[in-house]
Amino acid sequence: MPRTLVIGFGNIDRADDGAAFAVINTLRRRLGRPPLGEGETGWEETGGDLDTVFLHQLTPETAESLVAYRRIVFVDAHVLENAPEIHTFPVTPDFEPAAFTHHLTPAMMLGLLKALYGAEPEGRVVSIRGYDFDFRRGLSPRTGELAAKAAELILGLVENPVQG
Amino acid sequence: MASRKITIEPVTRIEGHGRVTIYVNDQGKVEESFFHVDEFRGLEKFCEGRLYFEMPQITQRICGICPVSHHLAAAKACDAVARVEIPRPAKLLRELMHMGQLVQSHGMHFFHLAAPDLLLGFDADPATRNVVGIIKANPELALKAVALRRYGQRIIERLGGKRVHPNFAVVGGVNAPLSPKDRDEILADHAEALATTRTAVDIAKGWIEANQETVSAFASFPSCYMGLVDHEGGLHMYDGEIRVKGADGKLLAQFRPEYYLAHVAEHVESWSFLKFPYLRKAGWPQGTYRVGPLGRLNVVDKIGTPLAQEEFLRFRQINGGKPVEGSLYYHYARLIETVYALERITQLLDDRDILSTDVCAPAPAAKIPGQGVGVIEAPRGTLFHDYSTDEDGRLTRVNLIVATGNNNWAMNTASGLVARAFVNGNRLTEGMLNRVEAAIRCYDPCLSCATHALGKMPLEITLVGPDGTVLDRISR
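Top line first, the protein sequences correspond to chains A and B. The first sequence maps to residues 1 to 164 in this note's numbering. The second sequence maps to residues 1 to 476 in this note's numbering.
Bound-form chain B, shown alone:
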């Protein structure tokens, strides 16, 4: 069989490189700003020809931080391809693993990435504006933050055998039940994890109250919002229908995940490898939406756990019941979701079916030509896995829309707004870099997870004059 090899220069092939290019006019005012992600998503093509049931193992290797999201979305897509209904206990166990993932990922983001901005300030000395600064300011909390992340990781490990790239979800369910010992050990550490998270919620709220003007204005803009909702319109991270609301909070669409292509289109720009998803019926760019914690809390009607619901009601009052627009509110929303995940863990562990050994449906038919879609709310937002196979189960087409892709337009808009506010003239400053980073960081993008080779820059900002001359460049 003839084959073709497509060669792509290394810089475009190695994930982990974000660029912002800012174009200024003769007066030094920002004309345009672009956030580029040099991420070539070759994985979809790479998967073609593989057997569909390999996907839960293959696709989670896209990322070392949220492999569980890809693992579970892939398993859901495979269930759909195979036309199998998984047993209820398997669904509970998959969700339990997902909650562990949410706790570790959200916990990591808040304490490691967001808190230095919030607690130490955007203009603090870079030598101290980091997690070490947080440790010095509050060593006890720092140790608890590490324990919180470990708590989430241990749930994943107990279910999947390891913390990163677990082997758990399979077509039709999961490959092992939960033991009573593991359930009891997860419950034993739960109270401390919840207490740490509630402390973090108080920190975030305190910071918001003290910096109300900044929080309301910084990278704040109208958009549509997307997230999964359960049958009562409540927050659900594993299952449900996809709901999209407009900037005014009105319902624009609600649909089952398998019909996503009828509702979601992807716009292409020549300057980015990432596409720009949008809601078809609203058109481009009016239909661009935000996903992730802010997107989810802006579309749901309620949260089904008491402490998170209490906090959600406060969140809803921020903009008088309408969608909350400020990017910095992502941090608050992320912590509310962490409270939800921890409360949901106890709900799941208390369920009568959680220790059941009925965790996998019978093997599917050997011949399964078809298509299947799996959608899950990854920590960073809605994640789509869509597979088509031939009758032997070999993949003929793979389409992945990842959370960071869904937020591509939003990150561009956020960084552009910050550039317009803080760039003036022909020089870039550390403060400007800090703020552009902070704006993008709200969305917790996953740019650098698949490879970590020494020597890559996570972010580079280039300032370009009206004649195309590079006026300044700053990188981290």
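Here chain A stands alone, though its shape is the one from the complex:
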């Protein structure tokens, strides 16, 4: 298996924006690892063939921590009405001009990785439909169900990269 990182990102204080946090912790349980606590990223425990981390957002300095991976799965919430509730697609390096946002998209992160370090890992996005972005913790019932399914999907993707 190519060395793989599953990187979830979002805001756990905005309800379904924390969907990736639930996915990462489900994965960790399935892999026999302790779930991440509030504020823990998981970076300290990386170094294996399949690592899992959770970040508030993707930022430029994250790139150097990704250089060693051959495959990266990005997990996030989405609000796309016309996309599947679990929306998964390959992602390749790209870099659109940023308007004012201070975070990077998965494509931009891969673009930065390629441009700065010449690294071109295989990229995939697994995005879960969010329905509630209120100021609270915990997922809406529907997004909670989707997060559990997404974790299983990711385990399948890791074992079989062409799936999905």
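No lab work stands behind these hints: they were computed from the structure. All residues carry an ideal CB built from backbone N, CA and C; glycine is no exception. Hints are supplied without guarantee of correctness; some may be wrong.
Stated by the list, open to error - Label pairs and their computed distance ranges (CB to CB): (1) N160(A) <-> A210(B): 50 to 58 Å; (2) G465(B) <-> R30(A): 50 to 58 Å; (3) E145(A) <-> Y23(B): 41 to 49 Å; (4) R29(A) <-> N426(B): 51 to 59 Å; (5) G49(B) <-> R29(A): 32 to 40 Å; (6) M1(A) <-> Q212(B): 53 to 61 Å; (7) L155(A) <-> G370(B): 47 to 55 Å; (8) E40(A) <-> G370(B): 32 to 40 Å; (9) G28(B) <-> E45(A): 54 to 62 Å; (10) Y117(A) <-> K29(B): 43 to 51 Å.
Keeping the supplied structure of chain A fixed, place chain B upon it in accordance with the hints.
Leaving out everything else, chain B in the frame of chain A:
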């Protein structure tokens, strides 16, 4: 207890969506332009009923880019609520964390957001007018830029345990001293961070010199200016009095932060969730002001570190000693402040009290009915936190005026000026979008930090005809 649930449509509840609506007349000339921020600030209401000392942790979650600013402003407000004077070492350590925040935030803005405009041009191909274009043009500088941001983030992490949403400032001080090892490691990487920033200053100055006409005219307008000053009128990001100067550079007001409500009012427009703060004594809209790097450098008399002061004197000459008006000068001012922050880091680390373990005042009294205001200069500008509590310390009222809110009028004015200059007819062009973005980007607004769900547009521009018909729409 009865409760009410207010439901707001998702588009208004998810931060990260800015809109510009431009109204044109029969001749295709711009009549009006509005920059809307679809940001519903429900957090203030959400905090009511919480214990005041939770606020340094709660409010920093407004944002993933400048959480330290909210963390520290909240801690200052809590100190005021509890009537505690924090030990000097704690004040130094809070400021040190704040300087780390300033370095990472300003560094990120310049290299990631501003430099593509400056170095590659507003009309460059969008496929290359980005940080990758910068990397291709100067890969060594790009790596150093990443290292600069990491340097600021590592200071935050060393003090607060993590880069985003640290746990450090508490009522009465901070929860841990700085170790000699961490101090030495911060100092070890300092020279490279400063060198990278000075390179960026030279890039910005070179661009300004080469594009003098554009820089002077682009989104340039008179306004008042606001920022914290120390007791000598110098730049200070953590503490001091609030100074407001007029468009002519004359002092309009200087006051202690706790009296801000006597001086600052907020105007409301039906088309934006963001309010429009202004100086009461000057009235609306004459009292509208700009905050952030340009606002700060236009109100201070000096900067207390040598290299930044040297650069500040050059900045002051741009408009013959009067306030600098061009929005693009924000980029230059931002880099001068980054130099200041890096120099200030060494001042703080050299202070005899920086390793002291006296970092927190004794616990405050159990019963503390009252009110407290905390003000700090966030990277984007003056940030107000104002809390009222009952005698058990439960919050009964929370008022936050964030930097992007303080610059709301300015961003509207800047984008409107650019629209008038570049829109003609019934179509929107990529060049127009680029320039409106560039004008707003000068202010480094924070529109999209709290949630990042896939599928949101950071900016949408709509062109509306005299009969209300949508003539064109362009989004990024």
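Hint by hint, here is what the structure shows:
Checking the proposed 50 to 58 Å range against N160(A) and A210(B) shows it holds: the Cβ atoms sit about 54 Å from each other. Restraint check, G465(B) to R30(A): a C-beta distance of roughly 56 Å satisfies the suggested window 50 to 58 Å. The beta-carbon spacing between E145(A) and Y23(B), approximately 45 Å, falls within the hinted interval of 41 to 49 Å. With their beta carbons about 57 Å apart, R29(A) and N426(B) fall inside the hinted range of 51 to 59 Å.
The supplied range of 32 to 40 Å is met by G49(B) and R29(A), whose beta-carbon atoms lie about 34 Å from each other. Between M1(A) and Q212(B) the CB atoms are about 57 Å apart, so this pair conforms to the stated range of 53 to 61 Å. Take L155(A) and G370(B): their Cβ atoms lie about 53 Å apart, and the range 47 to 55 Å holds. Roughly 35 Å separates the CB atoms of E40(A) and G370(B), a value that falls within the hinted 32 to 40 Å.
Between G28(B) and E45(A) the CB atoms are about 60 Å apart, so this pair conforms to the stated range of 54 to 62 Å. In this structure the hint that Y117(A) and K29(B) lie 43 to 51 Å apart at CB holds, the actual value being about 49 Å.
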